[in-house]
Amino acid sequence: DIQMTQSPSSLSASVGDRVTITCRSSHNINTYLNWYQQKPGKAPSLLIYAASSLQSGVPSRFSGSGSGTDFTLIINSLQPEDFATYFCQQSSSVPPWTFGQGTRVEMK
Amino acid sequence: QVTLKESGPALVKPTQTLTLTCTHSGFSLGTSGTRVSWIRQPPGKALEWLARIDWDDTKFYSPPLRARLTVSKDTSKNQVALLMTDMDPLDTATYYCARTRYFSSGVQFDSWGQGILVTVSS
Numbered sequence: 411d412i413q414m415t416q417s418p419s420s421l422s423a424s425v426g427d428r429v430t431i432t433c434r435s436s437h438n439i440n441t442y443l444n445w446y447q448q449k450p451g452k453a454p455s456l457l458i459y460a461a462s463s464l465q466s467g468v469p470s471r472f473s474g475s476g477s478g479t480d481f482t483l484i485i486n487s488l489q490p491e492d493f494a495t496y497f498c499q500q501s502s503s504v505p506p507w508t509f510g511q512g513t514r515v516e517m518k
Numbered sequence: 033q034v035t036l037k038e039s040g041p042a043l044v045k046p047t048q049t050l051t052l053t054c055t056h057s058g059f060s061l062g063t064s065g066t067r068v069s070w071i072r073q074p075p076g077k078a079l080e081w082l083a084r085i086d087w088d089d090t091k092f093y094s095p096p097l098r099a100r101l102t103v104s105k106d107t108s109k110n111q112v113a114l115l116m117t118d119m120d121p122l123d124t125a126t127y128y129c130a131r132t133r134y135f136s137s138g139v140q141f142d143s144w145g146q147g148i149l150v151t152v153s154s
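Note that the protein sequences, when read in sequence, are chains A and B.
Count along the first sequence starting at 1, add 410, and that's the number in this note's numbering.
Count along the second sequence starting at 1, add 32, and that's the number in this note's numbering.
I should point out that these hints are in silico values taken from the structure, not numbers from a laboratory.
C-beta atoms are modelled at their ideal positions from N, C-alpha and C, and glycine is treated no differently.
Errors might be hidden in some of the hints.
[Claimed, not checked] Cut-off 30 Å, straight-line C-alpha distance, at most; resulting in silico cross-link-like pairs (BS3-like, lysine-lysine): (1) B:77 with A:518; (2) A:449 with B:77; (3) B:109 with B:45; (4) A:449 with A:518; (5) A:452 with A:518; (6) B:77 with B:45; (7) A:452 with B:109; (8) B:109 with B:37; (9) A:518 with B:45; (10) B:91 with B:37; (11) B:91 with A:452; (12) B:37 with B:77; (13) B:37 with A:449; (14) B:91 with B:45; (15) A:452 with B:37; (16) B:91 with B:109; (17) A:518 with B:109; (18) B:91 with B:77.
[To be verified] Over 12 Å on every C-beta distance to chain A, these chain B residues come out as not near it, computed from the model: (19) 89; (20) 122; (21) 133.
[As the list claims (entries may be wrong)] Here are some chain A residues pointing at chain B (derived, C-beta under 8 Å): (22) 454; (23) 463; (24) 505.
Chain A extracted, bound-state conformation (with noise of 0.2 Å):
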């Protein structure tokens, strides 16, 4: 299987800060790569799809990049509704499709 390693796996910020995530992966998987937000007690919600590609709907705020095993999740000038946790999932063709552990965005 291919691991997803992210960090940090919490971090405090204020709002309009950038922020900065990354993930690793076990394996190159290309850009096979999306990121997820996930508020607490909800359901996730797909962010950025391909590495780079946003979701419709997604604020242009949010950014990703990396191919490869390297992958970065960009939140630009940091608003409120942001804070919530953030997991990337490797998404080549084959499973088992795996997630990170989590990244948590805390209000400093």
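Given the coordinates of chain A, work out where chain B should sit on it, guided by the hints.
What follows is chain B alone, placed relative to chain A:
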């Protein structure tokens, strides 16, 4: 508008079989290219993909859980079911169903149900 909703027992005893149902709308598993997955999340922990069923009845299972899982669909009712046998307290989790896209860009879970918390306890 795509919606999914999970239903089933909130509490099961160890060794029992869990049966969950996902009722969906806004798409049909009778349509070529449609897929639904089951994903779970133990309290405070990461997401774990469990199983997927496709419009043509192709099925995929998580290797470590394959022997315990069965996924099926009833296209006429817009429902997908998940059976998990021999439940253990470690299976306590919120279980989600999610519509699954599969493009050249990979596999994405683009619409999720609200989830159902299943507790395994005697």
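Hint check:
no.	hint	result
1	B:77 with A:518	holds (22 Å)
2	A:449 with B:77	holds (13 Å)
3	B:109 with B:45	holds (28 Å)
4	A:449 with A:518	holds (17 Å)
5	A:452 with A:518	holds (22 Å)
6	B:77 with B:45	holds (22 Å)
7	A:452 with B:109	holds (26 Å)
8	B:109 with B:37	holds (13 Å)
9	A:518 with B:45	violated (42 Å)
10	B:91 with B:37	holds (20 Å)
11	B:91 with A:452	holds (27 Å)
12	B:37 with B:77	holds (21 Å)
13	B:37 with A:449	holds (18 Å)
14	B:91 with B:45	holds (27 Å)
15	A:452 with B:37	holds (13 Å)
16	B:91 with B:109	holds (19 Å)
17	A:518 with B:109	violated (47 Å)
18	B:91 with B:77	holds (26 Å)
19	89	holds (16 Å)
20	122	holds (17 Å)
21	133	violated (8 Å)
22	454	holds (6 Å)
23	463	holds (7 Å)
24	505	holds (5 Å)
Taken one by one, the earlier hints fail for this structure at numbers 9, 17, 21, listed in ascending order.
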